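Q: So the chains spell out like this:
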Amino acid sequence: MKKRMVSVLLCLAMAAGMMAGCSGGGDSKGSSDKEGTTGGKESVVIWDYFETDAQKNMMQDMIDGFNESQDKYEASHVYVPFADYEKQLTLGMASGELPDLVILDGCGMASFIEMDLFGDVSAADIKWDEYMEGPMSSTMADGKHYGIPFATNCTALFYNKDIFDAAKMDYPDENTTWEDFREMAKALTKDGVTGFGNAATGTDEGTFQCLQWLYTAGGDYQNIKGGMDAYKLMQEMVAEGSWSKDCVNWTQSDANNNFVAGNLAMQQNGPWQIPGIEKDAPELNYGVTVLPKKDADSGQATSILGGENMGAVKQDNMDGAIAFMEYYDQTDVMIECMKQYGSFPPKTEAAQDSYWTDDPIQKAFIQQLDTSIPRGPSASWPAYSDAIQTGFQEVMTSAKTPEKASEDTQAAVDKVKASEK
Amino acid sequence: MKKRNHISIRAGFLFALPAAIYMLIFVGYPMIQNFILSFKNVDVYTFSDTAKQSFVGLANYTELFSGEEAILSTAIANTLIFTVISIFFQFFIGFGLALLFSKKFKGSSFFRGVTMISWLLPVTVAGLLFKFMFASKGGIINQLFMSLHLIDAPLEWLLDPKLAMAAIVVANIWIGIPFNMMLLITGLTTIPEEIYESSKLDGANKFQTLFQITIPMIRPAIMSVLTLGFVYTFKVFDLVWVMTKGGPVNSTELVSTYAYKLSFEQFQFSKGAAAANILFLILFVVGIFYIKLINDEEEVM
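Chains as they are written, first to last, in my numbering: chain A, 1 to 421; chain B, 422 to 722.
Hints were generated in silico from the structure; no laboratory data involved. Keep in mind that this is a model prediction, so the values were computed, not measured. Be a bit skeptical, because a hint or two may be false.
Unchecked claim - The calculated lysine-lysine pairs, modelled on BS3-like cross-linking and capped at a C-alpha distance of 30 Å, are:
1) 232(A) <-> 583(B)
2) 552(B) <-> 87(A)
3) 583(B) <-> 404(A)
4) 473(B) <-> 314(A)
5) 552(B) <-> 245(A)
Modelling step: build the complete structure from the supplied sequences, incorporating the hints.
A: See below:
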């Protein structure tokens, strides 16, 4: 009898374990009432992954503005954590529980267009020709529009003026070359300060920051070997200790926290960190300039475009989603939103607003945007990103020599290229 | 007589029916779907258009294993190392604690309850705690080792491939000990007190009692703990995902994290399904072993 008790207990434990193993995946966000109406108005549900207060306020203000501007639709938004975002969209496609409009990372959009999540909105009354080419290309496939760019940004070089002043060194500027940059970082690495750090974690967040080094060296996302100098620079600087080795586990927030704490003399990061720095460390004396260029003869360094797109989910009635995008398409609405959000409006003209051009830090990002390129776009971008970031991690942890790593990464990238259709 | 037997067989089927239906719908159907998916070519390009989806036989499986540095082979090796080391320590520490807490002493049930905390804690929370503790700058483990003069410089726990594996194993051992302990304690309570009394009368010492009475008597519980522990540990996901996401450079990539990455990060749904099925097949073999074990024991009894 006792034996039976033991086996019953075991079975219960096993069942409990299986439940625990399965939970977490199944809870789809409830927004299935997209056809529903609230107070006689059609509802427009938007998904986003915005976490900071500034971003949430921006979202609420934008939605309030839209709801007041007309009386046909009632917009609302649902927060989905960034780490689960693409998984929830994938599961949503299988279960049909999707919003009307999705705000998502620009580089992921090509995959979801290919998977038929988004509907063609080329006929909408949107001033397509006012948008910047890079961000716009990430919302398109085969010449059709599936949404509009929402925000655009890129990474640039932050430097701590106090640390440079203490070492009696000149600040980096647009003429700084890789060699200058390396010497600066080396000279500033002392007393617990590391010269430079960026986000090199093993996800696309790491690829977003590391890939620009490869482009600046002359490679691109399909031509790894052409950018082998970037591998050399990284491995040598990490070995010297002037490029923090911890980067391989750092996200962009980690890099920024270390910069704000004074552990880094320079960091690579984006404009969305600025509101946080102003709030948490108003006394931080820092500047921003474009990323270092390869050598004196080469042009300004490449940066990788980041930012979000809005995509209209494919369904029979997409009027609500289109109305919302048409509202956001107004340049003044876009400018107001982006001031709160900490990124740049994806329209060439809107980005020239004095709010950005009069501020020396924001101006550096506008200058860097000129030579920024999108990731891909390719529906296979996640596979490319994975292969590319593995290469960077191998170099930074000295698991492989730059030559071997570039050979292996090239092979991995070629394989992804071959699988593209 | 014959008729009665017939009825009881029918009644037996009837009783088994709800369980069978439940299994078919919630276990059988998704499993079969997953197998079918793994033999197709569903990825980001064919997801929306069923016309482009076709059966490709074992291509997904062979591709996963092809190449000298196939990630799946690394992942299987990593998973085995992770599992075997985890189980080894979990079992011996758990067994020691079970022997301790099966004795009646003041506060024994209180402390037994306290040990359960690490099992009750959500794994994600435990993973985050260990991630902070193993941080190379400011992590408590480096601080402790430094103050004990075991190391001179902070170790890069989650950055060095070997140390990262050690870190996730330590975290997993901590989580798994109470599970081992509780099942073994339950096993220990099945041993009648009289046996111990009579062996004492026969003059058996502590070691003889342990090796010749306790361990043989709870052998079924030990086997269950080991097989169940193997199954749990082999399919662990959340802990590793929180602590390292399989990195640095695939050094802590497990089959489960790799399958997740394929399906939900790279949208290679068929390949992800194939990787998950390989995980399933390995555990299926272990499961058969477990069921056979249970049946054998029942025959003996």
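Q: Could you check the structure against the hints above and give me the numbers of any it violates, in ascending order?
A: none
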